[in-house]
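*Asks:* What follows is the residue order along each chain.
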Amino acid sequence: MSNPEGLKYSKDHEWAKFDGDVATIGITDYAQNSLGDIVYVELPRVGQSLAEHAQIGVVESVKAVSDLFNPVAGEVVEVNPVLEKDPAAVNRDAFGEGWMYKIKVTGGAPGDLLSAADYEKLVASI
Amino acid sequence: MSPSTSSGQGLARTPLYAEHVALGGRMVGFGGFEMPVQYAGILKEHDAVRNRAGMFDLSHMAQYELRGAGVAAWADALTVNEVGTMKSLQARYNIFTNERGGCHDDVLFYRLADRWLLVVNAGNAAKMWPYLQAAAAGHADVELRSHHGSRALIAVQGPRAVEIVAPLCDIDVASMKYYFCDEGHVDGAPAVIARTGYTGEDGFELFVEGADAPRLWNLLLERGAPLGLEPAGLGARDVLRLEAGMPLYGHELEEDISPLAGGQAWAVKFRKPGFVGKAALVSQHDAGDYDRIAGVVLEGRVPARAGYAVFKDGERIGEVRSASLAPSAGNRNVATVLLKKSAAELGTVLGIEVRGTLQDATVVALPFYRRPGARKDG
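So the protein lines, in turn, are chains A and B. With our numbering as the guide, the letters of the first sequence map in order to residues 10 to 135. With our numbering as the guide, the letters of the second sequence map in order to residues 7 to 384.
Calculated directly from the structure, the hints in this document are not laboratory data. Keep in mind that this is a model prediction, so the values were computed, not measured. Think of the CB as a built atom: it goes at the ideal place given N, C-alpha and C, for glycine as much as any other residue. There's no promise every hint is true.
[What the hints assert, rightly or not] Here are some chain A residues pointing at chain B (derived, C-beta under 8 Å): (1) Phe-27; (2) Asp-46; (3) Lys-72; (4) Val-74.
The following block holds chain A by itself, in its conformation from the complex (with noise of 0.2 Å):
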């Protein structure tokens, strides 16, 4: 699957989709196919405030514990109700219904995260 344009790429393969002062984030289809079938997805609490690649959850596939990293600083203002229950929409939709947690932007969106294009390269690097 391709990265959709327009959205913003971490290092850690987490996505960030920002709508005016708010972040939508998720992790890539790279990750997720590289994680194989997910069974638990443990998120940051509404109103906690998180920093800048703080490590702020894990995803659990079948085989293995993922940390979760934030790429954007700012406070949780919303999580995905539907991974509790159905964890695996993470490997059917990573970038639409698998979406993970938003938040109210405190500083701007970080200068080190990737356009799809430079996040394609790295991908192809490892």
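Once you have looked at the hints, place chain B on chain A.
*Replies:* Chain B alone, transformed into the frame defined by chain A:
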């Protein structure tokens, strides 16, 4: 995210390596070989084996051949289960023990008309081969030969396995009993065909020459596809065996975990006159207070992992040895835990520490899953 990648450095390849790559298998190191951990996905492959059929490459496992009039007595002195009482063409689970009663390896013996086949874990082959050679030295009537790496092993497992395998065989495998075997041909290729497996389903294991393996693999896939056969990797195999309550060496059994502690007391035949570790096992059995493997079902959606600490009333009383989501056990998270005896009673509620929080887990009887009509081999 931090997805891991694997590298194939220093690893051997089975005769089916090219097939795995062509099928999109995700290759990882296991037991010294590059093996497919999954193709389409662990849960999809698990579902195929439980409801239709899955096919595994198990060529990484070490195949040894034993010949000679002294094999049965020799093997009976090294293992906990009975070898000499095996009928011709029978297969039987067994465990090689150390002097302390711990497990050197868990294996399968297959008794053929003129020889024996012994299959040991890939990860233990490096210690088992010299161990067996040393044990056979001085026994003129025991001849030992390794086919590790040159012979292949293809397993077809699942309720449709017999429909897929039988039409390709020149012997009647449909009426073959569970845990029996015979020699024949699969599409003309010489094979030992056994009704054994490590999934909790009906199925066959086909021991064939490495040179014949790719053709047979592709033929089985072609014939089996209309019946729902899919290639399945080691990831699905681990979930299937855990649900079926089957031990995995390095998890439920180890040099420091005895067959009694590992839940395999059924395989220990104390009536045998003497075998390596018997004295230690007798005293462990008589004292009865040893730590032991128990099955648990977790209450929540948070999975456990091997190595997590287990608590009861604030005291650390054990450790998780294997864990997985178990689709065939109500889609719950299950685990095996090595526990103090006092905590292993059925119904005991334990706490498994996951990232600093205790998750409730209840001790249940093993196995987590039993197929309808299944019975355990003695």
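*Asks:* Please name the hints from earlier in the document that this structure breaks, with their numbers sorted from lowest to highest.
*Replies:* The structure breaks only hint 1.
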